[in-house]
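From first to last, the protein sequence lines stand for chains Y and R. Here the first sequence is numbered in the numbering used here, starting from 1 and rising by one per residue. Here the second sequence is numbered in the numbering used here, starting from 303 and rising by one per residue.
None of these hints come from the bench; they were simulated from the model. Note that beta-carbon positions come from the ideal geometry of N, C-alpha and C, so glycine has one too. Any given hint could be a false lead.
[What the hints assert, rightly or not] If we take Cβ atoms under 8 Å as the criterion, some of the chain R residues that face chain Y in the derived model are: (1) Pro331; (2) Trp602; (3) Gly839; (4) Asp841; (5) Glu844; (6) Leu846.
[Claimed, not checked] A few chain Y residues facing chain R, derived, Cβ under 8 Å: (7) Leu168; (8) Thr170; (9) Ala174; (10) Arg244; (11) Tyr263.
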Amino acid sequence: MPAVPYQGHSLPPRIDLLDPAEVARLGGIEIVAQGVVEGFLAGVHRSPFRGFSVEFTEHRAYQPGDELRYLDWRILGRSDRLFVKQFEEETNLRAMVLVDASRSMAWRGTPERLTKRAYADRLAAALALILLRQRDATGLVTFDEQVRQVIPARVKAGQWTRIVRGLLDTPDGAGTAAHAALQRLTALLTRRGLVVLLSDLLFDRDLALMALRYLRHRGHQVVVFHLMDPAEVELGGPPEVRFRDPESSVSVVVRPRELARAYADTVRREIAAWRTACRRHGIAYHHVQTDLPFGMALRLLT
Amino acid sequence: MSFIHPLALLGLAAAAIPALLHLLQRRIPPELDFPPVRYLSAAERESARRLKLRHLLLLILRTALIVVIVLAAARPLVRVRGGGAHEPTAVVIILDNSPSSGAVVDGRLVLDRLRVAAHSSIGRTTSADRMWLMLSDGVLRGGPREALLATVDSTRTGWQRLDLVQAVQRAARLVEAQPLPGREVHVLSDLQNTAVATGKADVPRGVQVLALSPGRAVANRGIATVRMTEGAAVIELSGSAVSAGGAAQPVPVTIRIGGGRRDRGEVAARGLATTPAGGGGMSGAAVTVSLPAQSLAPGWWVGEAALEPDELRADDRRPFAWRVAPPARVTATAGAGPFVAAALGVLQEGRRIVEGRDVVISAGEAPGGARAIVQPPSDPALVGQANRALAARGVPWHWGPAGTPGPIAALELAVLNGVQVVRRYRLEGEQGADGVLATVNGEPWLVRSGGVVLLGSRLDTAWTALPAAPGFVPFVDALVNRIVAGEAEVASAEGAPRVEFRTRGTDTIGATVYGPDQRESDLTPAATSLAIAALGGKDRTEVLDAEHFAAERFSGTRRADASGILLVLALLLAAVELGVATRTR
């Protein structure tokens with residue numbers, strides 16, 4: 001990997017800011033996720049997530065990325081050592097990463113790009129690693145029409161490895177009936193916490209929103225990553241083509257060049273509709289294309 | 303519209319290419335996975351109508367583009383108005399200088415107005431044109447432009463009537479035979495009603511007839527005929543009125559006889575003709591002027607009837623000829639038949655003949671008297687004897703075998719025309735025999751040789767219907783008073799007013815009176831619709847005023863190459879097609 005020139009110095013490259021497809025070629029999910037997180041944490045000066053409690057419990061050694069406001073200045077003054085204060089509830093943050101494993105997620109516009117699923121896996125692994133490093137209990141759920149994998153939120157050692165294995169063990173599924181899976185998840189997520197959904201959202205918006213709204217109602221902080229391949233945003237292809245939905249038998253014959261503008265409008269409206277609906281219910285919504293560097297995607301959470 | 307390269311129009315078949323491509327492109331398209339099909343379906347639902355319209359518009363634009371390019375390649379020539387040169391044209395200019403063109407309207411001779419238009423028409427021709435000039439004499443004069451202009455300049459009002467229908471038909475046939483792109487007939491005439499009222503010109507397709515509309519109508523009266531009777535001259539008038547209505551007006555007529563014959567003196571008389579009330583023209587107006595017939599010596603007399611001068615001078619005077627002669631001394635043999643005897647009785651009562659033997663009417667017997675009128679014998683067995691008697695008198699004609707029945711045709715004896723003959727002998731003449739006066743089925747029926755007149759049939763209703771016809775007595779009158787003496791009828795002909803006598807040896811045997819056709823006196827112009835119908839019909843003929851006539855002349859062949867405009871149009875179409883095709887919304 002070439003060094004990145006910066007202010008006259010040759011710096012090691014930050015893989016969290018590289019093209020996701022190039023990053024994926026470095027190795028498996030673990031390597032990629034660790035590399036991304038290292039780069040990401042080197043680039044930010046505070047932890048992206050905060051706990052909910054204000055009650056001090058103990059000190060721990062300062063780690064790059066910790067917010068300076070939690071630095072204990074008195075200890076620094078006395079012993080010239082860096083410690084940050086930790087609070088009661090901070091260790092009790094429970095994060096669940098929900099990864100859509102439906103067949104539509106296994107699609108990519110060009111072979112050079114990651115599939116939406118591959119992108120989601122790597123992003124989920126990186127996110128889990130960050131959370132676990134903050135000693136936040138993190139779990140994983142993969143689903144298509146059914147809930148495929150459930151790894152409960154833990155903070156103990158080896159949790160990240162379990163999460164990565166859970167991602168690797170989940171095959172590409174069939175159709176998406178996300179609302180059913182999400183409703184089941186509401187029963188699993190009894191304690192309030194952070195819920196991150198990684199999906200292409202190609203399912204019924206109202207039903208899915210109903211489930212997400214329920215999670216929100218239960219006190220969860222919900223973040224939705226709407227993953228799209230760039231080829232899904234801008235229509236292209238042969239002069240005339242029959243496009244088939246891989247999850248159903250629905251197909252349509254179109255001339256992409258003629259329909260490109262109308263399609264782009266439709267996609268824009270759909271994204272806007274998701275964003276508006278999520279905002280209305282206090283759900284964070286982020287539209288992410290699979291050519292967006294992982295670091296940039298993670299930054300959306302800060 | 304015509305084309306320089308008409309074969310290029312075969313390329314119009316290429317106009318079907320866009321539609322064919324549209325159909326042929328309906329192949330099975332490749333199939334690809336694409337998860338957000340739901341977005342595609344929604345977009346297509348919203349754009350379906352717009353896309354259909356766009357496809358239709360593109361199809362029309364592409365088809366039109368091909369059509370326009372093919373038309374441009376064929377180099378179309380479109381008709382243009384005003385300016386520009388015309389294609390080579392065959393043109394006949396009919397300049398009607400008949401007597402009616404001598405009328406003065408608004409202080410100007412009608413012929414002068416027509417001459418200006420003719421001058422203009424000839425002036426517009428080019429060296430590539432072929433042109434003829436036709437005057438009222440009906441002669442088609444070809445030649446270079448300068449020669450025809452000189453002819454027009456020297457043309458004066460003539461004495462011959464021009465039948466416009468026939469003139470246009472002849473002219474149209476002439477130009478139609480010319481291998482030139484343009485074919486026109488320019489009719490420069492006062493378009494008298496009488497000149498177009500007879501028939502309809504058969505104008506071939508592709509020939510354009512342009513007629514100059516007549517000017518203002520003027521009233522006119524002229525002398526149509528002069529008939530001499532015992533002791534009186536009957537003068538019939540003709541002419542036209544300007545408008546309907548108005549009271550009857552007396553018209554003074556002067557008649558002079560014997561002018562220029564110092565040996566006979568001159569007789570002059572005046573009368574008043576009354577024009578019919580209601581303004582219906584002069585038709586039917588007549589005046590009878592008494593003449594001192596007793597004082598006129600036997601022989602030929604020449605006279606002239608005259609009216610007061612008016613807008614058309616040509617018909618204000620008309621000469622006439624009249625022969626004053628003593629009644630013939632006639633007798634008929636017993637075999638001449640009862641019908642001849644009855645006719646002679648009538649003529650005797652009318653003092654047209656007297657009893658005598660100067661003229662003998664017989665039936666097969668040897669011709670007696672100085673002059674003889676011989677019918678065939680009733681008995682066929684006597685025909686040979688009768689023929690020998692004729693031959694003995696030196697008559698080169700004889701009766702032959704029986705001829706076929708048929709109608710009589712006689713050029714100079716109008717009363718005989720059409721009368722049926724059921725039985726007859728063929729009249730056979732020796733080599734060089736002449737004097738045929740009437741024929742049946744093309745064979746002589748009435749002949750004259752010297753003082754002998756020979757009939758092919760007996761004047762009997764068993765042979766011919768003539769004795770029962772109204773013209774029988776006038777025929778016998780002409781036979782005994784004129785024909786047997788070798789005198790012809792007084793003929794009339796078109797020409798400058800004058801009388802010409804025909805003579806044989808020292809004898810005057812007939813006269814021809816010249817004058818204008820009486821129809822020339824009626825200056826009533828034809829209605830435009832009538833003129834159009836008579837001169838070729840609505841498709842081929844236009845009657846135009848001077849301004850429009852000048853504009854329309856040669857306009858049928860005034861053409862411009864429209865390929866440039868079509869190419870510009872093709873570029874525009876291509877630009878629009880490009881815009882629509884590349885526009886994605």
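Here is how each hint holds up against the structure:
1. The restraint placing R:Pro331 at the interface with chain Y holds, with a minimum CB-CB distance near 4 Å, inside the 8 Å limit.
2. Contact between R:Trp602 and chain Y, as hinted, is not supported at the beta carbon level, the nearest pair being about 105 Å apart and thus beyond 8 Å.
3. Annotation: interface hint on R:Gly839 violated; nearest CB of chain Y at approximately 56 Å, more than 8 Å.
4. At its closest, the beta carbon of R:Asp841 sits 51 Å from a beta carbon of chain Y; the interface hint therefore is violated under the 8 Å criterion.
5. Because the beta carbon of R:Glu844 sits about 55 Å from the nearest beta carbon in chain Y, more than 8 Å, this interface hint is broken.
6. Taking 8 Å as the C-beta cut-off, the interface hint given for R:Leu846 is violated, the closest approach to chain Y being about 57 Å.
7. At a threshold of 8 Å, the smallest CB-CB gap from Y:Leu168 to chain R is about 22 Å, leaving the interface hint violated.
8. Restraint check, Y:Thr170 versus chain R: the minimum CB separation of about 18 Å is more than 8 Å; hint violated.
9. With a cut of 8 Å, the hint placing Y:Ala174 at the interface with chain R is violated, because the nearest CB-to-CB distance is about 13 Å.
10. Hint status for Y:Arg244: holds, given a least beta-carbon distance of 6 Å to chain R, under 8 Å.
11. The restraint placing Y:Tyr263 at the interface with chain R holds, with a minimum CB-CB distance near 4 Å, inside the 8 Å limit.
In this structure, the earlier hints numbered 2, 3, 4, 5, 6, 7, 8 and 9 are contradicted, and the remaining ones agree with it.
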